[in-house]
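J.: Got chain B sorted already, so can you dock chain D onto it with the hints?
Chains B and D, in that order, give the protein sequences.
Quick note: the first sequence, position 82, residue 241 per the numbering used here, numbers continuous.
Quick note: the second sequence, position 386, residue 545 per the numbering used here, numbers continuous.
A couple of the hints might just be wrong.
Since copy identity is lost for identical chains, a pair holds within one copy or between any two.
Calculated cross-link-like contacts (lysine-lysine; reagent style DSSO-like; alpha-carbon spacing at most 30 Å) [stated by the list, open to error]: (1) K655 to K205; (2) K655 to K346; (3) K517 to K230; (4) K302 to K357; (5) K702 to K388; (6) K376 to K683; (7) K655 to K714; (8) K702 to K675; (9) K500 to K357; (10) K546 to K698; (11) K729 to K230; (12) K727 to K714; (13) K520 to K452; (14) K482 to K452; (15) K463 to K603.
Just so you know, these hints were derived from the structure itself, not from any lab.
Because the structure is a prediction, the values reported are computed rather than measured.
Spelled out from the first residue to the last, the chains are:
Protein chains: 2
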Amino acid sequence: MTNQIDMTRYLHSFVEGMISSGVSQAVISPGSRSTPLALLLHRQEKIETFVEVDERSAAFFALGLSKASNKPVALLCTSGTAAANYYPAICEAKASHVPLIILTTDRPHELRQVGAPQSMDQLQLFQNHVKLFVEMAIPEGTKEMQDYAYWQGMRSTDTASQMPKGPVHLNFPLREPLLPDLSSSLKTKRQTEIIAGKPQLTEKQLIQCINALQGKKGVLVVGGSHTPKEARLFVELAEALNWPIISDPLTNITSCGLDSSLIMSCADLFIQEVTMIHRPEVVVRFGMLPISKNTMFWLRSLEKTETIIYFVDETGEWQDQLKQTQVAIQVQEQPFLQAVKENITVKTSGSWTAQWIKWQKITEQVLEELAEMNQLNETSASLLVHKQMMADGQLFVSNSNAIRFIDRFAAVENTSYHLFGNRGINGIDGIVSTALGMCATNPKRQNILLIGDLALYHDMNGLLLAQRYHLPLTIILLNNNGGGIFSFLSQRELEKEDFEPIFGTPIDLDFSLVAKLYGAEYTKAETLEQLDLLLEQTKTEPKFQLIEIIGDREKNVRLQEQIMNVLKEKLEQDR
Amino acid sequence: MTNQIDMTRYLHSFVEGMISSGVSQAVISPGSRSTPLALLLHRQEKIETFVEVDERSAAFFALGLSKASNKPVALLCTSGTAAANYYPAICEAKASHVPLIILTTDRPHELRQVGAPQSMDQLQLFQNHVKLFVEMAIPEGTKEMQDYAYWQGMRSTDTASQMPKGPVHLNFPLREPLLPDLSSSLKTKRQTEIIAGKPQLTEKQLIQCINALQGKKGVLVVGGSHTPKEARLFVELAEALNWPIISDPLTNITSCGLDSSLIMSCADLFIQEVTMIHRPEVVVRFGMLPISKNTMFWLRSLEKTETIIYFVDETGEWQDQLKQTQVAIQVQEQPFLQAVKENITVKTSGSWTAQWIKWQKITEQVLEELAEMNQLNETSASLLVHKQMMADGQLFVSNSNAIRFIDRFAAVENTSYHLFGNRGINGIDGIVSTALGMCATNPKRQNILLIGDLALYHDMNGLLLAQRYHLPLTIILLNNNGGGIFSFLSQRELEKEDFEPIFGTPIDLDFSLVAKLYGAEYTKAETLEQLDLLLEQTKTEPKFQLIEIIGDREKNVRLQEQIMNVLKEKLEQDR
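Extracted from the complex, chain B is given alone in its bound form (with noise of 0.2 Å):
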């Protein structure tokens, strides 16, 4: 038997501390062991709290919620197998650097490991998918367990928080009653402040730097998820420096804002009939590869060359798939950046970079005047929601087709919205909810998801968060009925009768009837004009909708070939 008033008393010191160090927002999935927990969160004024029943969704709804308001977010479930379902969000969240306060409830030690309903060793659940876990104490109301429990809520948050972000997990071992006593006075601590310092450069270090790279014949290479605020640093870099920036999608330096001829928005497309002419003396890169397999292949290509790499790790964390690193710069990216764009001296000359620009013009009108990208197939309506989308829209990109047309196709734009994706492990699972947790942080901005239909059909539950909460999210479904990745990949050269049940996995649903059982509006678009207007409206009149777009996986590949063919010829005729 655990003291109600105790038990309270305890929980509620936790939550003030994680209150203190960030936490605004929690995602509580009911069940009955969690039930103090989750009554304390709910009455919590400093706290929002939202609900929902399939625990994989509600991760990837927190998951989403972190991503657009870059705080750290709880979640709560009870004991037992509801807590594996938070595991693909975790996994998520820790490659991704999303701060997750993961809180599960468990048996107390003495109904462990002796068959009691619906416990299972929760210890450790995550392995090393969590920055942190811990075991908390059985809740006791002495001062000294109060002000234990307000420090494990305080520092594992601010340990989600401290760079590189991620998630952590505190299990709650609780006594039956599970009730707290919601009727005696709580008192409110005191809160702790953190004033956390960064790592950075000397001014000796920057120098140094500096000089290793201006007035070089170089290339910044982006990648990883930034906002569009930070994505104009990088641009305005590359403008002081007159250096080509390659990215992708997800770093949102085409969605910034800054409509700078040097961004190759259209590198995927080029960058490989240029290896062999123009070699990089120096490449600057930072965080993750871009998406693009071909800028991966050129960057392997350049090991054989004179070309120095140098490489900015903010995580500290070798991120470096190609391990062709010869110098790693350590420190947090954004001053860094503001101080090199500061002490520039030195140009690259403007012939290195012209050039660079000049490829970028050629694929991009190759692609204007390509008929079929005229007409309403997956690629030209991707390309026409980038194009659509408003200032400080939020879009949403699923993997794994949606975000490489975005990637390949997308030129600059010159206005600035906020581009998200789940690039930390590229999953399918979990778009729909990540999306909605982006909705509802700025419901009244612009929201689109961008996806197709498999991922769609992976996190259908997730539609529910939609309806409940009144989330006006856009859904653009690019339905070409199966794994439209496959088609692009070596698994294409299969015979039909091993390919399509494994590769091809047509699902055939109808996705009308998805928008009716969850209240969605739904439209199939016909045309690009439909489209357009449809996408027009979203910028005024905010929604839960379901746009269809019907495809086709071979289709998309004779399309892609297509483009190549023709931009081979127009970069030789160049040469």
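T.: Showing chain D alone in chain B's frame:
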């Protein structure tokens, strides 16, 4: 670069090893890294393959296949979060002793911890929720490495199948190119034969046990999953001893086809009332505790008495939540039951047993006479399903309310059918897929799933399997629009503004649309007669259909209270 022929031979040897230890089914989720294993499984004649995009549903489907076939089942997915989606089903398999062979594919060592896409640490991914984790070697084609792969396939499957059965995990690092060479001829290895001994007692130990039990005022208490055939041995033992037997639906004692008056199917309802007046000298427990909380309280009350508790612990895991075992018998259950039954020479006197039979009869009468039980509600519908099961039929009963309706109210029928549930950890996740796995094993039998609305929503994705593989499952949906179990727990004392959002959690889904989406026939049953007719049809026309019964969370509680009031009175009159 891996030699494609070498990789193919290595992986083929592994698959042959699994087959040698009894794998004949595999559930595959599409992905790129898993391509060679997927194709080898797909092409292997001795293995039946199923494909499901949502790995969470795939794993629960495999769980259901294995439960119904009593054979090890393989699971295959690609790298990244895909594997994490298996976690809930793996936890349940570990707790409920189901042999699953989890095959995850992974980046090779040189692409780990370097930010390669769709990669994360998969070593020990499922912590101690698997019996065995093996990090496989990079494929090589030598005789030695082919033998190694065969050996690992054979022994890991055997490990999964040994008592206590459970899941094992093998992680395969694979290098590109990922296409196997299916043109080359693959040799079939001579299979390894396994002759395994099981724990059994010596004759002396056995006689000692029998002498301690026979003639005493005793009760058999049986929990855990058993087949109807296994269940009959429990009943036969009870008959030989002339002891009452308390169990739960999962034991299949109520549905084993033996209409014995010794089966206390309504013990949950009357046992608390009799605690004070009738104490056994011995209790013999088998496996887990039965579901009934009242039975647990009754067992706990015996601690103050001289009653001796025997615990037949087949797994040796000491799963005795009450920790009251005085004699632990570690032995294989079935041969032990048989041997005890055959050697009993003294029956317990009639008066002890007659009193138990009387209580059971009184309870059955109360239930029969209650008007509400003759109207359509969640309780009466559940009972009707139980009554309408045909010989060899398969019924899957969901957590958390559905199983309790059957446990409390179902009387013994003389038809032998097989009742299944996920009672390892009692989650509401994965129920639909597990039931479909059951159905896929014996699709020509009567196959019924009894489920609530939250559990159906949680695993709605599983319905795609029914559509794709034409699985004729009848789903009886008890729809009380939310978490009905909480209305029976202490949370019901909360104010409505706290209760409904966190525990009631109405989801307001139109399940006729769900049926339409996945191609199931839909009927809303309005009367018991109509439901009766529909259930009658399942005996001759198995088909994929959803039958909805509208329930009411508060009415469930009131009916339960009403029954208890009437019953209390009748039992008091009897004293």
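J.: Which numbered hints are broken by the structure, listed smallest first?
T.: Checked against the structure, the hints that fail are numbers 3, 4, 6, 11 and 15, while the rest are satisfied.
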